[in-house]
Amino acid sequence: MFKQLPNDQLEMVDILLNGEKIQVPLGTNVAAMTLSQGQRYTRTTSLSGSKRAPFCMMGVCYECLMVIDGIANQRSCVTYVKQGMQIETQQGVGSLPEGAHHE
Amino acid sequence: MNTDVLIIGAGLMGSSIALQLAMRGCKCAVIDKASPGRHASGANAGGLRLLNRDPAEIPLSLEAAKMWHEIESLVDSDCDSRFTGQLRVAENKSDMAKLEERASMVRAMGYQHEEIIGKKELYQLVPALAPHCVGGLLCRQDGYGRPYHAVTAFRRKAESLGVTFQSATEAYTIEQEGKDWKVKTSQGTFNSSIVVNCAGAWSGKIAGMLNESVPLTPKALMLMVTERLPHFVDPVMGAASRKLSFKQMQNGTLIIGGALVAKLDFKKEKTDLDWNQLAESAKTVLHFFPQLQEVRIVRAWAGIEAYMPDNLPVISASQKANNFYHAFGFSAHGFQLSPVIGRIMSQLILDGHSELPIEPFHINRF
Amino acid sequence: MNDHYQLLIIGGGPAGLAAATTASGQGISCALLDEQPAPGGQIYRSIESVPDTRAQTLGTEYLRGKTLAAAFRESDVEYYPETRVWSLNNGREIGITHKSQSKIITADQILVASGAIERPMPFSGWTLPGVMQAGAGQILFKAAGVIPSDGVVLAGSGPLLLLLAWQYLQLGVDIKVILDVTPLSNHLFALPKLPRALLAHHYLTKGLVYQRDLSRAGVKTKIGASNLQAAGDDLLKSVNYRHLGREHTIETDLLLTHFGVIPHIWLTQSAGCKHQWDNSQQCWRPRHDEWGNTSIEGILVAGDGAGINGARSAEHAGRIAGLQALFELGILTESERNKQAKNDQKWMKADRHIRPFLEAYFAIPQSMLATTDNETIICRCEEITAGQIREAVETGHGGSNDVKYITRCGMGACQGRQCANSVAHIVADAGGEAVSESSHYRGRPPVAPLTLKQLASLTKENRQ
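Chains as they are written, first to last, in the working numbering: chain A, 1 to 103; chain B, 1 to 366; chain C, 1 to 464.
Do not rely on the hints blindly, as some may be mistaken.
[Claimed, not checked] Chain B stretches covered by chain C per the calculated footprint, using a threshold of three residues with CB under 8 Å from any CB of chain C: (1) 35-46; (2) 267-276.
[As the list claims (entries may be wrong)] Here are some of the chain A residues that sit facing chain B, going by a computed Cβ distance under 10 Å: (3) Ser46; (4) Leu47; (5) Ile71; (6) Asn73; (7) Gln74; (8) Val93; (9) Gly94; (10) Ser95; (11) Glu98.
By construction, these hints were calculated from the structure, which means they are not laboratory data.
Virtual Cβ for every residue (Gly too), placed ideally from N, Cα, C.
Model the full structure from these sequences, guided by the hints.
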């Protein structure tokens, strides 16, 4: 669907996209990076389970929500890749971090 | 327009009263200066709470709870109600003592609905709760509903029995001519044998038209709602010694309140959220559920509600004129009472008295 | 960051940057807050970091942003990028989050330069992955050098569609077809406005050049296409449309649509500024005077957030609003303000000649604004269809807000940004409240993402 034009001026970083280690230019927004990696969708809805992908790319539509570094519901179009970032497709409402444990 | 009973205010109380009167064959009209459920009735947190009621309200609230459990038979809709219980959490010994005192007071009155639970049961009930709590006070038959759905269900059922609802109809003057009432509004004059004032925060103004003064204070109560989350808590949560009211709705969103008051320009009907208070509220939520840190708030708002100095409603005939009735001032805990208020008012109007004890709510107490 | 500023500017697009540069060197405390990591707004996104080759494709109009950003960088205005403004009230208190720390700050004068969003236009299948807004396509290229790899169908109406097509052409992207849904009747309605538009003919000339280049390159444009549908089970597979009385299907995994832009009014709306329905631009915008003053004292608007006039006008409006703020702060006298604003006002007036023509030419037909296809999803977040909205109106929920309460339409994560316009039109079409000043969803902060932790950081104990 999309490809990223080569640009050797940019520093590359390692990230994990759905568990796969890839190299991408530092500072690319996560949505653009995900699309250019051939991923066609970034989340499924919690209601019908249908697939959704980035729509506006400017932070207003909330369709590009992904799980970034373990936190669900992050707008991938206004989040920028950093070394070691872990990015996952979001399923429905995502999950909450574990609560504190008690005896 | 001519009608038997004219109800001013198309909120939950007005709709519920109209429904009960219509069920007994009365011709009713309901007018509202805005639209049905525009303020407190539509904008409240939807708590169905018998827990921690003022003793005077317990008989009414118990009857209302029964009605809520069978609400579909009354209004053909479950109003999205769920009965997951309401819980007040104790964080330490003194909290627990406070809750135990309350429980024994309720028991001494002959009621069994509020029960003390220990730490083990607390965490069985709410495993996601932060580990420092020690117990709680629980009312299992409590829960929550969706306020605007309830207003709509009551209205539609009443309409099906012939009640007319008219929006954008503001009452300007109320005069008695002979036995009948003449209510001049922004949409013409209504003639009615009986008038009921359930205009919420504007009830004081309506009572004022009869020169019946009431110490009503309009207040704007703030709520916030989060994005949809995975299911993690069942009961509606309160705390023994912190301002907290918190529930996860069926759809996964979290509604956070707790009697937080916004700035209000009553004349302009403008509310201004107080973020510092909402921040305290967010902090309290995180104190009990630290795993919610990254959860996003989608909306915050404030609904305009009528408060009485003793936080008890006015449910009575007028002291100033015959064939005029009041049901207002529910002081932010009217949602649960709404079905029973309809029944009480219909009895008061048609039979001259109610089966339930409503003396404590008489307008003459002020 | 201070607790109080004399002037606060919200938004780092052309209006905000120009206002900040105007306010620089005047001895006032002034800050500019912006959600993005660098100046430019959406129109000049990534202007400071874009590689030269990419910048050339984007053209001289885009490069103009470089000068603006550079002047802003030289100004003495405090700059807070990556800062979210989630609340504004009529007491000029602003709720913000910067580096995970929230704060309430106040200002004597506040300029909201919130820019525009693309007009969301529901049609069958518009939620499928592979359907995006044309502006999104452009941002992908500006910000990341990402372009379509297997061809693209462009559809909709408005100048951006043509511009994007032209840019893609330069990059060698396979443009399968351009579906221009502008009804042919619009050409007729726009005709009387053409003479005035000729006064700003450079816009028209540019459009003609793009069209010529595209047609020379063999790109097909279907003028007057209708019944646009995106099809596919769970991902976009094809686009269906009607043209000259015949149904067509074209296979594609990417459809970029454009239906014009509308002001991003969520902040001014939640502040309680008075808004009006602009019939010509088919959108709501804050009421404001020629200096940018809204109905609330000390709150100003400039740029596309005040009404759509484009990037060049935004720059001038930003300067004018900046001068107005300086006047209100007692830095400039009335005559100094008037004198300094003269050129900008003249420029804006000239630039506006094109607008009535463009607005009439690209007006979205009523049949699209209020779709009668009951299956089409209107609220993308809560997956509410046009049929559910119409049903709500029929059962006595006569306004957008009532429909919202009963259906949850507009209650999702985007807070109604994607459906407010459509819901108001469908409600009106179904016999409810007419599209008017009051038929927009009521403003409900926070209007930018705010987490419980970020809100809790406002409390005394958590303040850093």
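Quick rundown of the hints versus the structure:
Evaluation of the coverage hint for the segment 35-46 of chain B: fulfilled, as 4 residues show C-beta separations to chain C shorter than 8 Å, against a requirement of three. For a cut-off of 8 Å, the count of residues in the segment 267-276 of chain B with a CB near a CB of chain C stands at 5, and the three-residue condition holds. A distance limit of 10 Å between C-beta atoms decides the matter here; for Ser46(A) the minimum to chain B is near 5 Å, and the interface restraint holds. Because the smallest distance between the Cβ of Leu47(A) and any Cβ of chain B comes to about 9 Å, under 10 Å, the interface hint for this residue holds.
Residue-level restraint check for Ile71(A) holds (minimum Cβ-Cβ distance to chain B is 5 Å; threshold 10 Å). Hint on Asn73(A) holds. Least Cβ distance to chain B is approximately 6 Å, under the 10 Å limit. At about 9 Å, the closest approach between the beta carbon of Gln74(A) and any beta carbon in chain B falls short of 10 Å, and the interface hint on this residue holds. Interface hint status for Val93(A): upheld, as the beta-carbon distance to the closest one in chain B is roughly 5 Å, under 10 Å.
Of the supplied interface hints, the one on Gly94(A) holds, with its beta-carbon coming within about 7 Å of a beta-carbon of chain B, less than 10 Å. With a cut of 10 Å, the hint placing Ser95(A) at the interface with chain B holds, because the nearest CB-to-CB distance is about 6 Å. With a least beta-carbon distance of about 7 Å to chain B, the hint placing Glu98(A) at the interface is held under the 10 Å criterion.
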